[in-house]
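Since the structure of chain A is provided, determine the placement of chain B on it from the hints.
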Amino acid sequence: MAGNKELDAFLADLAAASETMRAGDPADVQRLRRLPGAMGQSLTITVFGFQEANTIKSNMNFLLEFAEKHDEPWVGTVVSEMLVSPARTIGKRYALTDTASLLERAAKIAPGVSGDAMVNLLRRMLEYFNFTSRRLRDLLPFHELSVTFEGHRYMTERAIPPSKGKPRERAQ
Amino acid sequence: MARKRMRVRLGDEVGIAELFEDKAPATVAAVWAGLPIDGTVNHANFSGEETTFPCYGLMWQRENEGHETQPGDLGYFVTGPAICIYYGDQNVISPGNVFGRVVENLAGIQRVARASWKQQRVPVLLERMED
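So the sequences go chain by chain: A and B. Taking the numbering used here, the leading residue of the first sequence gets 1, the next gets one more, and so forth. Taking the numbering used here, the leading residue of the second sequence gets 173, the next gets one more, and so forth.
So that you can see chain A by itself, here it is in the shape it has in the complex (with noise of 0.2 Å):
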């Protein structure tokens, strides 16, 4: 609500990870790329935080438009109940440690936040997980993934054919 000084001070550090995240070298994306995976690789949780932050991205998107249609003072638990489990996650699996601190603080103000306050909240916030997911996607070489992958298809499907019947049989 209009003079949350919570609420505005949320908005003020969330304007500067917004824009750490778009043009800076943010501390999360810097801690994502150090994190080992299974079997010593980092492919895979790279794949999963880009897509970890794009889902969260996407329930912004529906919040938002929740928002806008229904200003009801329940839309606030509604959303606090949306941040809770992303941000968890995406601490803990991801070390986005700043992002889940943003998500916690922003489950913890919006039970009293409605009407435009909320709209404004929500749309900081999808354009903060906006810039993170493009941080994230710009680690990802979808070219060369994408070689790699038909490269591989190619070779299980059509280079190595079919095996028709047991390999003695085959001999004969």
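Calculated directly from the structure, the hints in this document are not laboratory data. Keep in mind that a hint or two might mislead.
Quick look at which bits of chain A chain B covers, simulated, 3 or more residues with Cβ under 8 Å [said to hold, decoys possible]:
#: 1; stretch: 122-130
#: 2; stretch: 140-152
Stretch-level coverage of chain B by chain A, calculated; a stretch enters the list once three of its residues show a Cβ under 8 Å from a Cβ in chain A [stated by the list, open to error]:
#: 3; stretch: 224-232
#: 4; stretch: 252-264
#: 5; stretch: 279-293
Heads up, the beta-carbon is just placed ideally off N, CA and C, and yes, glycines get one too.
Chain B alone, transformed into the frame defined by chain A:
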């Protein structure tokens, strides 16, 4: 009346775009007010020959959504928010507000836009042309 014009710097190429104030007045006004807008592009993953870059929310309404774009068309994707450069053949899945078109040096813009599939973080800058 002459159309508003915008410089599109993409990598080492510079194109000039005309803005569609007749078809998308609210989007043109929002983009014009937001200029200069900069960022780095990512090539589209689904829709075809398109490269895009995220931006702050310039507006939140849908207008003149382009289901059949022409090469060189520029779009503002509300649910990004993002600016889209439709540089070639498109299979539009989520349309943007088409607000302008590159009318000079489209070939140069197409070359860099296509290369953005292989090259990460190609810089882009949209600027007003006041003359």
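Quick rundown of the hints versus the structure:
With 4 residues having a Cβ less than 8 Å from any Cβ of chain B, the stretch 122-130 of chain A passes the three-residue criterion, so the hint holds. Residues of the stretch 140-152 of chain A with a Cβ under 8 Å from some Cβ of chain B number 3, which satisfies the need for three, so the listed coverage holds. Closer than 8 Å: that is the beta-carbon criterion, and the stretch 224-232 of chain B has 5 residues meeting it against chain A, so the requirement of 3 holds. For a cut-off of 8 Å, the count of residues in the stretch 252-264 of chain B with a CB near a CB of chain A stands at 3, and the three-residue condition holds.
Look at the stretch 279-293 of chain B against chain A: 4 of its residues bring a Cβ nearer than 8 Å to a Cβ of that chain, three or more, so the hint holds.
When each numbered hint is compared with the structure, no violation occurs for any of them.
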